[in-house]
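**Q** Please model the entire structure based on the sequences and the hints provided.
Protein sequences appear in the order of chains A and B.
Position one of the first sequence corresponds to residue 1 (this note's numbering), numbered consecutively onward.
Position one of the second sequence corresponds to residue 1 (this note's numbering), numbered consecutively onward.
Label pairs and their calculated CB-CB ranges:
| id | chain 1 | residue 1 | chain 2 | residue 2 | range |
| --- | --- | --- | --- | --- | --- |
| 1 | B | Ala-38 | A | Gln-373 | 28 to 38 Å |
| 2 | A | Gln-373 | B | Gln-171 | 55 to 65 Å |
| 3 | B | Gln-215 | A | Gly-160 | 55 to 65 Å |
| 4 | B | Glu-37 | A | Gln-325 | 18 to 28 Å |
| 5 | A | Asp-132 | B | Gln-171 | 17 to 27 Å |
| 6 | B | Gln-171 | A | Asp-141 | 22 to 32 Å |
| 7 | A | Cys-393 | B | Glu-134 | 48 to 58 Å |
| 8 | B | Lys-150 | A | Glu-357 | 33 to 43 Å |
| 9 | A | Val-153 | B | Lys-106 | 41 to 51 Å |
| 10 | A | Cys-393 | B | Arg-39 | 19 to 29 Å |
| 11 | A | Lys-219 | B | Thr-225 | 56 to 66 Å |
To give an idea of the chain B side of the interface with chain A (calculated C-beta under 10 Å), a few residues:
| id | residue |
| --- | --- |
| 12 | Ala-96 |
| 13 | Ile-119 |
| 14 | Arg-174 |
| 15 | Leu-185 |
Treat the hints as calculated values from the structure; they're not laboratory data.
Idealized CB from N, CA, C, for every residue including glycine.
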Amino acid sequence: MIKSRRNFLAASLALPAVASATRSEEPQQSPAPARPQNPVKAFSTPQFQYRTLGKTGLKVTSLGFGCMITSDGSVIERAADSGITYFDTARSYGNGNNERMVGAALKRKRKDLVLSTKTEGRTKEEALAQLDTSLKELGTDFVDIWYLHGKTVPADVNDGLIEAQQIAKKAGKIRFAGVSTHSGQKELIPWMTTNPNVDVILTQYNFSMEPFMNEVIEKAAKAGKGVVAMKVMAGGTRRAQPGNPTFEKLKRDGAMLAALKWVLKNPNVGTTIPSMTDMDQLEENLRAGNAAFSPTDEKTLAMHLDRITPSYCRMCGECEGQCRQGLPVADVLRFLTYADGYGQFSLGRERFLGMEEKHTNVRCDSCPGCTVQCPYGVRVAERLIKAQDLFAC
Amino acid sequence: MLKTVVGIGLFASLFTGVMAAANPTCSLVPGWIPQGEARSYLADNLFEYMDGNAEGYLLYGFQNMHGVTCTRDGVQLIVDVSEFSDSDSAYGMFSANRDLRQPMTKIGMGGQIVPRKAIFVKGQFFVEVAADTEGDHSATLKAWCAALEKLQPGSTEVPGALSWFPVAGQQSLRLVPESVLGIRLLKRGYVGQYETGKAFVVTEESPATAAAVMQKLRDRFGGNTKVELGDEGFQATDQYLGRVCIARKGQYLIGYGNVPDGQDAVKLTTALLNAVK
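**A** Pasting the structure below:
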């Protein structure tokens, strides 16, 4: 049982050797650019790891491509020419505009690729109608994996949606059924692992997440589910942007590529879908995809964790019910982050004062000792006192 | 000390309150009643509301969102107002999300109403109203957009850069928030899609920084040919961007990519360059 985040990082150091021994396979396709190379900015020929997505038998490159925020199809086209074989989009991205761009960019190589999209439809009818639109926009007769988008609890994956996926399979519109999830993995992934209707699990997975993730992913892979990792870069669910000091720091330290390598070394992950907006990022990721996770990468990620640990609440819920005064600890920490992390003092105060009076009246500095222990080392009492000092007046 | 900090914070909140939009409420349109609590999100927790789509907002400089769900006669409306860092970014969000095949509607800086969804942008606010049930809700959505437009502060003038792009043959025109044409050097700019290629204008901080980017672009596009255009220019051929022409006019980088055979990339770029004020 992995107890801490640092152990979570360290425990997975043993994985690269396993990964290369059990999952790497000879490339099934070789990049063969049909057009002349750019005379200056030619890519070095990347060597890919190929992995199989569980019982689907789909062989994909361990480095895939999340197309959501890509704004120019040329990057996607180039990625396909470079040898990446897995591309992911969704009906809702850009209100459908993303699927259109992806379809156009991949048209030339569609038959050689694994293409996935997602539906946010809440009923069978809605989902199937969305699938037809997706196929039209993508310019294809079928998608390889069709995900139910952004599910959090098993109840979200209702019978109607499962039926829609089965109908679509029989009609040849999809090859495999998947579910994507950004949160609630502790309950949802084990549920999907035992659900015979789910072929592929697309989940948020990165080094800053809770230790149980390795366990649930391993069990899913052993049960024959294809596991696709998203949001693999540092920052978890937040996206630091170029120009942002955090982004620059992460990039300078190599933490973003280290984060990608960290995910890729897990043999239970079939492929990853980092977002890529430009050719430079594509090339960096191709390099990272080929490099082994090193002790230097581990140190970089550990340093990054140390930097964010004292104040960064991950909303894991572990502190729920721990406060002897009954404070909703995670909420109060979030309100403080509004103020000191995002400069939104008024919103933080408004939300703080919106709590029940019995909570706004609590003063942690008069408590004999804090009963809340954050598993990630957030200095909870210190942060709560700061929130009360700032807002409760 | 603490009082000083709090004082500064309160002052800041009062100041921003002057600039901020009023939050949407169900009473904006008669007959609608709230369903559940009003909601608000920042960049750090938007994913809780729209997992899987939040990054699309963050990409455009999302600041916060205030929303409410309203119901009337069995119809449920989801109303969300998102604030972006500036009006250009808000317009960028709108242009990235509008259905290019559907007509625009004159609401704020621009809007679009389809049977179950309406979006519009005004100033730095991007507004979305979605009907939760099947059917054509256009009339309802139109009434809501009218009420919400009055509620939001900000300009109704579209970004000036849009007027630089030729209207004839324009298939789309949008703000690309980073990596125009998939090139990191071209940080942020407008891109127009035409049958004659992709037209773009990137605004740099100064003529000097624009000149520095031009030099790097020349290095990137090997085998380029100098053209007499603006302050400096070149054309080149790229495996993925096809025929490319890029010129600099002061702090602006202006050009075309993917220009098909039979079209003159330099001529097209010249026309765009002349339109940039």
